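Engineer: Given the coordinates of chain A, work out where chain B should sit on it, guided by the hints.
If you read the protein sequences in the order shown, they are chains A and B.
Just so it is clear: in the first sequence, position 102 is 102 by the working numbering, and no numbers are missing.
Remember, the working numbering sits 223 above the position in the second sequence when you count from 1.
If you're looking for bench data, these hints aren't it; they were derived computationally from the structure.
Check before you lean on any hint, since a few could be wrong.
Below, computed lysine to aspartate or glutamate pairings styled on DMTMM-like, alpha-carbon distance capped at 20 Å [to be verified]:
1) K55/A / E245/B
2) K55/A / D326/B
3) K279/B / D325/B
4) K309/B / E5/A
5) K154/A / E130/A
With beta-carbon atoms standing in for the labels, derived distance ranges [unchecked claim]:
6) V175/A / K287/B: 48 to 54 Å
7) T117/A / G335/B: 40 to 46 Å
8) L82/A / G350/B: 45 to 51 Å
The structure presented is a predicted model; accordingly, all values stated were derived computationally and were not measured.
Beta carbons: idealized from backbone N, C-alpha and C, even for Gly.
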Amino acid sequence: MITAERKPFAEIKAACAPYRRILVVGCGTCVAECAAGGEKEVALLASQLRLDAGKARRTIDVKEVTLDRQCVYEFIDQIFPLVDQYDVILSLGCGAGVQAMAEVLPKIHIVPALNTTSIAETMEQGVWREDCRGCGDCKLDRFADICPITRCAKGLFNGPCGGSKGGHCEVDPDVPCAWHLIITRMEETGRLDAMNEVEPPADWARTQGKGPRKIVREDQKTP
Amino acid sequence: MSDPDHSDSTVAIFFCRQLDPEQDANRRSLEKELGPKVRFFPLPCSGRIEALHFLKALETGARKVYLVACPEGACRYGQGNVRARKRLDFAKALVREVGMSDDCFELVTAPGAGLASMDEIARGLLGLKPHRA
Chain A
1 MITAERKPFA
11 EIKAACAPYR
21 RILVVGCGTC
31 VAECAAGGEK
41 EVALLASQLR
51 LDAGKARRTI
61 DVKEVTLDRQ
71 CVYEFIDQIF
81 PLVDQYDVIL
91 SLGCGAGVQA
101 MAEVLPKIHI
111 VPALNTTSIA
121 ETMEQGVWRE
131 DCRGCGDCKL
141 DRFADICPIT
151 RCAKGLFNGP
161 CGGSKGGHCE
171 VDPDVPCAWH
181 LIITRMEETG
191 RLDAMNEVEP
201 PADWARTQGK
211 GPRKIVREDQ
221 KTP
Chain B
224 MSDPDHSDST
234 VAIFFCRQLD
244 PEQDANRRSL
254 EKELGPKVRF
264 FPLPCSGRIE
274 ALHFLKALET
284 GARKVYLVAC
294 PEGACRYGQG
304 NVRARKRLDF
314 AKALVREVGM
324 SDDCFELVTA
334 PGAGLASMDE
344 IARGLLGLKP
354 HRA
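Bound-form chain B, shown alone:
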């Protein structure tokens, strides 16, 4: 099933909002640049992610789904990023069951809260040149 509003999207990026307090502004230039080819999903903590988020992202047209989390031991809420990894592993098992490759889901550990903007992180993931303000 494909969501017509997002049928051109190719990459979905779920991320912990704690990583970049200015994420709302920092991801705008990339969203303008790439349009629906990238979709950002800020989470209050990476531990809020569910396996269903990953599967729904695939269903609605994403070819690659990233989850950007804080380094282990650095979660503001304690265990969020540990839980996130387990949920990602579960989602991978579910796509393997349907005969798809699980490398469509990837956990990315960010340098740490406030150390990089979402724009920088996303450009790095997408292999794009850094944005010049």
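Extracted from the complex, chain A is given alone in its bound form:
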């Protein structure tokens, strides 16, 4: 899933300062799972905005809405009837959610309330770890299902750097060495021979240098 963290309140407040009628829009999918932009977080931010305005004896009108998915136009349609009644949309969606809303709602200022951080997995309640950089050329099979681009601080493709201690990374001792994990898992799955193969450099052109990546599936498109 996509993970995100809420921006500091001061930053959100400054962005919303010129407006009195604020529509706070959450997303019930990825950012709800990582407790950054779901229904609860929308309510908390709306409450903070009201408390802050009350403290300054300012009157604001804050409405809370949480869409099932902020990155899909059909779900954004649900807020069409509300948009004219508000001066600004404060989005608790990921970067894709904010931009999808901007695409659909060209005449209203949309302020992001989250910093989108990564593609991650839920390790335990309240802990999310980045697993994927979306490089567009997945070679997890080659690395025993552990991504060295994401999980090795040095992004090494052909074995460990030699700096790890006790199975932990020398850059951050709290992080397990990705190559320690790769080799252990290769041993456990009887594929250690694959370590003899040399992995060529990644094709970074799949990720960078061509603007936004786009997937077009003719079989999925409506005529």
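Structural biologist: For chain B alone, coordinates are given in the frame of chain A:
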């Protein structure tokens, strides 16, 4: 935003229902005495509290919000009171962000389940004389 029904309320007390099995009856005299100036919110366990409960209490007029929990290690459900403390800390961080003092929220550790009535605990918090039956 102020809820007109609760605009006179000044203290909100969230509490673990396990602390006083007779809480429903025991808090009545204080509710009658103080009217809307005190609001009680029984919880099945203090761990049920959410940061939003604290903020909403402030929004609806409370000047002070107490959470009364069991002593650590004495939660009937294991970790409820530990979780409650973390939620309270989170709520405090949220009010600090808006420039308010976080001492409007306070965690109170009760003597233990069944050892004090909610009336006694609340009167202690509010600095009132004990109720005479």
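Engineer: Against the earlier hints, flag every one the structure doesn't satisfy and list their numbers going up.
Structural biologist: Violated hints (numbers, rising): 1, 6; every other hint is consistent with the structure.
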